[in-house]
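Novice: Please work from the sequences and hints to get the whole structure.
Here's the letter readout for the chains.
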Amino acid sequence: MNIKISHPQEGVLLAACKTDKFKSALMTVSFAVDLDEETASGYSLLTNLLSLTTGSYPTMQSFSLIKDDLYALGLDAYVQRRGELLLVRLEINALADSYAFDNERVLFRATELLGDAIFNPNLVDGAFPEGAVVNEKACLIEEIASLVENKPSYAMLRARQIMCENEPFSVDAAGDIKRVEALDGSKLIPYYKRLIESAPVFITYAGEADFEYVEECVNTHLPFTKRSGELSRSVVHERRNEIIRVREEMEMEQSVLILGLTSDFCDDARSRAILTVYDEIFGGSAASKLFMNVREREGLCYYCSSYPSSRKNIIFVSCGLEPGVEDKAIEAIYREVDAMKNGDFLDSDLLNAKNSIARSLNSVESSLNSISGYLLSQIIAKDAATLEESLELIMNVSREDVISFAKSVTPELEYILGGGE
Amino acid sequence: MSRFTLTENKTFKECYYSATLENGFKITIIPKDRKAMFAMVCCNFGGADIKYERDGVIHTLPSGTAHFLEHKMFETEDGRDSFLDFDSFGGNANAYTSFSNTCYYFSCTENFYENLNVLLSSVSSIHCSDDSVEKEKKIIAREITMYDDSPSTNVGRNLRQALYHAHPTIYPISGSVETISEITKETLYTAYEHFYVPSNLSLCVCGDVDMDKVLSAVEQYFDLPRTERPKTIYEAEPEHVVRDRIVESSVVASALYCIGFKCTPSERNDYESTRRATAMRLAISLMFGRASDFFCQSYESGLINERFYAGYTSSENSAYIAISGSGNDYDAVAERVCEEIERRKEIFFTHEQILREKKAAYAESLTLFDSCEDLTASMAACAHLDYDEFDCIEMLRDVTEQEIRDAIGSIDTRNRSISIIQKGTDL
Numbered sequence: 146m147n148i149k150i151s152h153p154q155e156g157v158l159l160a161a162c163k164t165d166k167f168k169s170a171l172m173t174v175s176f177a178v179d180l181d182e183e184t185a186s187g188y189s190l191l192t193n194l195l196s197l198t199t200g201s202y203p204t205m206q207s208f209s210l211i212k213d214d215l216y217a218l219g220l221d222a223y224v225q226r227r228g229e230l231l232l233v234r235l236e237i238n239a240l241a242d243s244y245a246f247d248n249e250r251v252l253f254r255a256t257e258l259l260g261d262a263i264f265n266p267n268l269v270d271g272a273f274p275e276g277a278v279v280n281e282k283a284c285l286i287e288e289i290a291s292l293v294e295n296k297p298s299y300a301m302l303r304a305r306q307i308m309c310e311n312e313p314f315s316v317d318a319a320g321d322i323k324r325v326e327a328l329d330g331s332k333l334i335p336y337y338k339r340l341i342e343s344a345p346v347f348i349t350y351a352g353e354a355d356f357e358y359v360e361e362c363v364n365t366h367l368p369f370t371k372r373s374g375e376l377s378r379s380v381v382h383e384r385r386n387e388i389i390r391v392r393e394e395m396e397m398e399q400s401v402l403i404l405g406l407t408s409d410f411c412d413d414a415r416s417r418a419i420l421t422v423y424d425e426i427f428g429g430s431a432a433s434k435l436f437m438n439v440r441e442r443e444g445l446c447y448y449c450s451s452y453p454s455s456r457k458n459i460i461f462v463s464c465g466l467e468p469g470v471e472d473k474a475i476e477a478i479y480r481e482v483d484a485m486k487n488g489d490f491l492d493s494d495l496l497n498a499k500n501s502i503a504r505s506l507n508s509v510e511s512s513l514n515s516i517s518g519y520l521l522s523q524i525i526a527k528d529a530a531t532l533e534e535s536l537e538l539i540m541n542v543s544r545e546d547v548i549s550f551a552k553s554v555t556p557e558l559e560y561i562l563g564g565g566e
Numbered sequence: 153m154s155r156f157t158l159t160e161n162k163t164f165k166e167c168y169y170s171a172t173l174e175n176g177f178k179i180t181i182i183p184k185d186r187k188a189m190f191a192m193v194c195c196n197f198g199g200a201d202i203k204y205e206r207d208g209v210i211h212t213l214p215s216g217t218a219h220f221l222e223h224k225m226f227e228t229e230d231g232r233d234s235f236l237d238f239d240s241f242g243g244n245a246n247a248y249t250s251f252s253n254t255c256y257y258f259s260c261t262e263n264f265y266e267n268l269n270v271l272l273s274s275v276s277s278i279h280c281s282d283d284s285v286e287k288e289k290k291i292i293a294r295e296i297t298m299y300d301d302s303p304s305t306n307v308g309r310n311l312r313q314a315l316y317h318a319h320p321t322i323y324p325i326s327g328s329v330e331t332i333s334e335i336t337k338e339t340l341y342t343a344y345e346h347f348y349v350p351s352n353l354s355l356c357v358c359g360d361v362d363m364d365k366v367l368s369a370v371e372q373y374f375d376l377p378r379t380e381r382p383k384t385i386y387e388a389e390p391e392h393v394v395r396d397r398i399v400e401s402s403v404v405a406s407a408l409y410c411i412g413f414k415c416t417p418s419e420r421n422d423y424e425s426t427r428r429a430t431a432m433r434l435a436i437s438l439m440f441g442r443a444s445d446f447f448c449q450s451y452e453s454g455l456i457n458e459r460f461y462a463g464y465t466s467s468e469n470s471a472y473i474a475i476s477g478s479g480n481d482y483d484a485v486a487e488r489v490c491e492e493i494e495r496r497k498e499i500f501f502t503h504e505q506i507l508r509e510k511k512a513a514y515a516e517s518l519t520l521f522d523s524c525e526d527l528t529a530s531m532a533a534c535a536h537l538d539y540d541e542f543d544c545i546e547m548l549r550d551v552t553e554q555e556i557r558d559a560i561g562s563i564d565t566r567n568r569s570i571s572i573i574q575k576g577t578d579l
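As given, the protein sequences belong to chains E and X, one line each in that order.
Once you know that position 131 of the first sequence is 276 in the working numbering, the rest is easy, because the numbers rise by one and skip nothing.
Once you know that position 38 of the second sequence is 190 in the working numbering, the rest is easy, because the numbers rise by one and skip nothing.
The set of hints was computed from the structure by calculation and includes no laboratory data.
For every residue, glycine included, the Cβ atom is placed at its ideal position computed from N, Cα and C.
One should not assume that every hint holds.
[What the hints assert, rightly or not] Away from chain X, derived, C-beta distances all over 10 Å, residues of chain E: (1) Glu183; (2) Ser315; (3) Leu445; (4) Asp472; (5) Ala484.
[Said to hold, decoys possible] Computed footprint of chain E on chain X; a stretch qualifies when at least three of its residues, placed anywhere within it, have a C-beta under 8 Å from a C-beta of chain E: (6) 182-191; (7) 225-236; (8) 289-296; (9) 300-313; (10) 331-339; (11) 402-415; (12) 553-566.
[Unchecked claim] Label pairs and their computed distance ranges (CB to CB): (13) Glu545(E) - Ser273(X): 33 to 41 Å; (14) Asp550(X) - Ser515(E): 29 to 37 Å; (15) Glu458(X) - Glu393(E): 21 to 29 Å; (16) Tyr452(E) - Glu525(X): 35 to 43 Å; (17) Glu249(E) - Glu160(X): 23 to 31 Å; (18) Asp321(E) - Thr305(X): 24 to 32 Å; (19) Gly469(E) - Thr212(X): 29 to 37 Å.
Specialist: Laid out in structure tokens, this is it:
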């Protein structure tokens, strides 16, 4: 990949990948702040407001029309949890200049709009306008409350909240209803100032533009001031010596089971590679032990997958079950946890897992989003391995490495969102 | 001499090669210089194919048969799962079923031809036992109940049941726990024999591949005589909706709603019907898109929120507009939507508004080419039709203002239903 990383300003990093394989381009601006239950709601509401209007386009319609005029420019903003960091992200998805009519400089104009959204928000008397704030509060409250409609996601959030109580890891990036309700247009200003004045900024670009052109867009329209680039590190989850079992009921047809497993903390690139290989064999693919045994052999569920966090020593397993078979499923999953500890997997399983991960890594260039994710990982983590280094680390993971890691995996939570009874 | 025909579009700088075997099997190859390659086999057999005629005999399948077959096609002759074979070649495989198609695909960065052989081998024959069919019923039942637990899925399904009397769109693609219980090994073998015929199959590949090797592989696995696809039978469908309102309770933050307008359908999915659908989609975007008067005014007044979405669905013998969202003022939304449609029949859009909408739609449609996976799926799905994705993009330019005006004029705002999922019990 043709990548260039630069520092437009102290505490501001830009990673750009020049590729001519796409008809659009993606630029993202991520502000990194600590994930904290006291502030998540404020950042979440602020993020929604920033993408709605700008100082230059103070009505939704005027902003939407200018975006449509710019070849349906996608300008989105959202918050994202990354370990125990909260990323406030604004991004533009623009038509590549070479597909525009009359040689229009779409990226330049699109970055101008992005800059307007970031540096020139729609303020009235120094605060976000009350009408828009009231509206967006209602939308955000609806968004948070509607998580119950997606049962597997809701169950995963509950599992995280129970297992990591008092840890930032348990905080939902969207915020919580009570804190959203307490916000107003003035209270959002300190959040905005924190982003603009001091939060570390990570900019990525993937598309056909030359680096010089990207830098011109960034320097002209995204004039960030200098700031500290220091980020907080994730807190290691303190392991319990017991298994917590929690069952909550909901009116639904099937139960959702989430198992919370703890493991050694993977705080370097090599141990993260081992975790990745472990997960691929254990429950990360359609050829994994969980899929092949819990779904295919035992027929207990439609889905059964594992979700490791490379920034926290926790692996979750999620599956949807017929009510009443939860214990049978827990036993079946624990059998596979033990099988991994006992090295009950073939050398071919190990090789296939490595090849599958290599395919994923080699597929990074397949989409603008995956390139952007890779670029962000390169600038946000100081010890990030490059694609080539990651591939080498994966290929060097041994059977013993996987078994040794597997021995650190311990059950800690059995959460059941129960239905059907 | 190559058996492939080149189709090019110089405006958006894309091309593909296509070939048809004598038995009707279609091959499409989209050359792309990317590390990840995709291949998809598409069978024109989906959730809507429940009743059909073959050699003068009428057959009826339990709803969910196409989807059930999808689950069993990756089973090998010796009872293994061909996912393991893909895995051994570094391929990542999956499959899905829609109302009209069943698609099987893989992506890989190496061993493309080995993975292609696994894919073609999987789809070129069926192997399942009575036991494996019974076991699969349990897995599919879990999949069905997973969808049943999704209110946003149910609000759309209920709308189709309120709009349609007989069209198979009223049945869920995966069937119900009851209908799949009727499916046996024989059901699957019969459906396979009737629908998985070369003239009803296509392969679409996206990547830097040797076209002749792809062709040889297909010929190796589908060296079969031509057999025609059975004709799907659609029962006569009254023009009017079944009921104007359908209400269900579930665990939701606030009510979910889907307002549907039953439209005049086409009997075939062809160029002309797709062009009409394009005009309708532009009309809907002009009336209810993010830059529309309706959206901005309704959003700013708090009547609608981010979840508001307006779309148009058309397939053989069914066509409807669906406008979905969340909030308890759904009747007010429905009223405002109808007012807006009627208003736009009288006060049409300006030339500039239409040009802007077409420009935006054109730019959005080009992003299809950024995803090999999406592009492969789109091209595979229209392999047996008289138009392709290139035509769909050109249509955006060619559709006239009169066609958009006619599309709006064709909407009968009285012929509508509303599906509501209201807030039931709390956690």
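Novice: State for each hint whether it applies.
Specialist: Here's how the hints hold up against the structure:
1. Glu183: 23 Å, holds
2. Ser315: 18 Å, holds
3. Leu445: Given a closest Cβ separation of 8 Å, the condition is violated.
4. Asp472: 17 Å, holds
5. Ala484: 17 Å, holds
6. 182-191: n = 5 at 8 Å, threshold three: holds.
7. 225-236: holds (count 3)
8. 289-296: holds (count 6)
9. 300-313: holds (count 5)
10. 331-339: Coverage by chain E is violated for the segment 331-339 of chain X (0 residues, Cβ < 8 Å).
11. 402-415: holds (count 6)
12. 553-566: violated (count 0)
13. Glu545(E) - Ser273(X): 33 to 41 Å: Holds - the Cβ-Cβ distance for Glu545(E) and Ser273(X), about 36 Å, lies within 33 to 41 Å.
14. Asp550(X) - Ser515(E): 29 to 37 Å: Given about 34 Å between the Cβ atoms, the range holds.
15. Glu458(X) - Glu393(E): 21 to 29 Å: With a Cβ separation near 28 Å, Glu458(X) and Glu393(E) satisfy 21 to 29 Å, so the hint holds.
16. Tyr452(E) - Glu525(X): 35 to 43 Å: The hint (35 to 43 Å, Cβ to Cβ) is violated, given that Tyr452(E) and Glu525(X) are roughly 22 Å apart.
17. Glu249(E) - Glu160(X): 23 to 31 Å: 24 Å, holds
18. Asp321(E) - Thr305(X): 24 to 32 Å: 27 Å, holds
19. Gly469(E) - Thr212(X): 29 to 37 Å: 34 Å, holds
Checked against the numbered hints listed earlier, the structure breaks hints 3, 10, 12, 16; every other hint is satisfied.
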